[in-house]
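Let the sequences and hints guide you as you build the complete structure.
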Amino acid sequence: MDRSVKGERLCGGLVSGILLFSFTMGPRQCQVCIEALSKYKCPSCYLPYCSLVCYKKHKELPCVKPQPLEVIATAVSESLVEKTLVVDERSEVLQKFQLEAIASSSEIRDSLNDKALQDLICRIDSSSNAKDELDKAMAEEAFRLFTDKVVFYVASAQPL
1 MDRSVKGERL CGGLVSGILL FSFTMGPRQC QVCIEALSKY KCPSCYLPYC
51 SLVCYKKHKE LPCVKPQPLE VIATAVSESL VEKTLVVDER SEVLQKFQLE
101 AIASSSEIRD SLNDKALQDL ICRIDSSSNA KDELDKAMAE EAFRLFTDKV
151 VFYVASAQPL
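Numbering-wise, full-length UniProt numbering puts 134 at position 134 of the sequence shown, and it's gapless, one number per residue.
Calculated directly from the structure, the hints in this document are not laboratory data. Hints are not guaranteed to be accurate.
Straight-line distance between alpha carbons at most 30 Å, and here's what the computed DSS-like set of lysine-lysine pairs gives [stated by the list, open to error]: (1) Lys-41 with Lys-59; (2) Lys-149 with Lys-131; (3) Lys-39 with Lys-57; (4) Lys-96 with Lys-136; (5) Lys-131 with Lys-96; (6) Lys-41 with Lys-57; (7) Lys-115 with Lys-136; (8) Lys-96 with Lys-149; (9) Lys-56 with Lys-96; (10) Lys-131 with Lys-115; (11) Lys-136 with Lys-149; (12) Lys-56 with Lys-41; (13) Lys-96 with Lys-115; (14) Lys-59 with Lys-39; (15) Lys-56 with Lys-39.
Per label pair, the in silico range of CB-to-CB distance [unchecked claim]: (16) Asn-113 with Leu-52: 36 to 42 Å; (17) Val-87 with Pro-159: 18 to 24 Å; (18) Gln-95 with Tyr-40: 52 to 58 Å; (19) Cys-45 with Asp-114: 27 to 33 Å; (20) Arg-109 with Cys-45: 30 to 36 Å; (21) Asp-119 with Tyr-40: 35 to 41 Å; (22) Leu-99 with Ser-127: 36 to 42 Å; (23) Ser-126 with Val-87: 41 to 47 Å; (24) Ser-51 with Ala-139: 26 to 32 Å; (25) Glu-141 with Gln-95: 52 to 58 Å.
C-beta: ideal position from N, C-alpha, C; glycine also.
The structure is reproduced here in structure tokens:
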């Protein structure tokens, strides 16, 4: 697939709703009282807890067993939709070195941690009329500042 003319929709409820938990070896803090070290974990959701009191408190709310990563990965890949991009001029397509300049910028990566900016980008990407959504987003100062940073890194990028 030629990535310069095709893209994938990466945003959506499934992707944004996935939570991944990282467990380390050794004792963990009780996630119910947040005071003691956990000795046990819930058989349904694997939440660490320290005592019967904390277990009963945890069970007041329903919990579910987390899906294996293979199931999550399959669901994510099934939710990706291929989207053809219409490019008027080949010069409008960024080159690999320009994309690498954007990806290697800590300033841009830091900006992308902003939830509001992520939501705007997802709204543009998943819209049936991306141009209109982009025009609306450009009315917001935070988005304009972000696009200015991207343009700066693209313009200053040098081929290897």
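Taking the hints in turn, this is what the structure says about them:
1. At most 30 Å may separate the alpha-carbon atoms for a hinted pair to count; Lys-41 and Lys-59 meet this at roughly 12 Å.
2. Restraint check for Lys-149 and Lys-131: satisfied, since their Cα atoms lie roughly 20 Å apart, inside the 30 Å limit.
3. A distance of roughly 16 Å separates the Cα atoms of Lys-39 and Lys-57; the hinted pair therefore holds under the 30 Å criterion.
4. Restraint check: the Cα-Cα separation between Lys-96 and Lys-136 comes to about 28 Å, which is no more than 30 Å; the hinted pair holds.
5. For the proposed pair Lys-131 and Lys-96, the alpha carbon gap of about 24 Å is at most 30 Å, so the pair holds.
6. The hinted pair formed by Lys-41 and Lys-57 meets the criterion: a straight-line CA distance of about 13 Å does not exceed 30 Å.
7. Of the supplied pair hints, the one linking Lys-115 and Lys-136 holds, its CA atoms being roughly 17 Å apart against a limit of 30 Å.
8. Distance check on the hinted pair: Lys-96 and Lys-149 sit about 18 Å apart at the alpha-carbon level, within 30 Å; holds.
9. Between Lys-56 and Lys-96, the direct Cα distance comes to roughly 55 Å. Violation of the 30 Å bound is thereby established for this hinted pair.
10. Under the criterion of a C-alpha separation no larger than 30 Å, the hint pairing Lys-131 with Lys-115 is consistent with the structure, at around 21 Å.
11. At roughly 18 Å between alpha-carbon atoms, Lys-136 and Lys-149 fall within 30 Å of each other, so this suggested pair holds.
12. For the hint linking Lys-56 to Lys-41, the alpha-carbon distance of about 12 Å falls within 30 Å, and the restraint holds.
13. For the hint pairing Lys-96 with Lys-115, the CA-to-CA distance comes to about 27 Å; that is within 30 Å, so the pair holds.
14. Under the criterion of a C-alpha separation no larger than 30 Å, the hint pairing Lys-59 with Lys-39 is consistent with the structure, at around 16 Å.
15. Restraint check: the Cα-Cα separation between Lys-56 and Lys-39 comes to about 15 Å, which is no more than 30 Å; the hinted pair holds.
16. For Asn-113 and Leu-52, the Cβ-Cβ distance of about 40 Å falls inside the hinted range of 36 to 42 Å, so the restraint holds.
17. For the hinted restraint 18 to 24 Å between Val-87 and Pro-159, the CB-CB distance of approximately 20 Å keeps it satisfied.
18. For the pair Gln-95 and Tyr-40, the beta carbons lie near 54 Å from each other, so the given range of 52 to 58 Å is met.
19. A beta carbon spacing of about 30 Å between Cys-45 and Asp-114 agrees with the range 27 to 33 Å that was offered as a hint.
20. The given range of 30 to 36 Å is respected by Arg-109 and Cys-45, whose C-beta atoms sit roughly 31 Å from each other.
21. The hinted window of 35 to 41 Å between Asp-119 and Tyr-40 holds, with their beta carbons roughly 38 Å apart.
22. About 22 Å separates the C-beta atoms of Leu-99 and Ser-127, a value inconsistent with the hinted range of 36 to 42 Å.
23. Remark: the range hint 41 to 47 Å for Ser-126 to Val-87 is contradicted by a beta-carbon distance near 20 Å.
24. Here the CB-CB span from Ser-51 to Ala-139 is close to 53 Å, at odds with the stated 26 to 32 Å.
25. Between Glu-141 and Gln-95 the beta carbons are some 29 Å apart, a value that contradicts the proposed interval 52 to 58 Å.
Hints 9, 22, 23, 24 and 25 from the list above are not met by this structure, while the remaining hints are.
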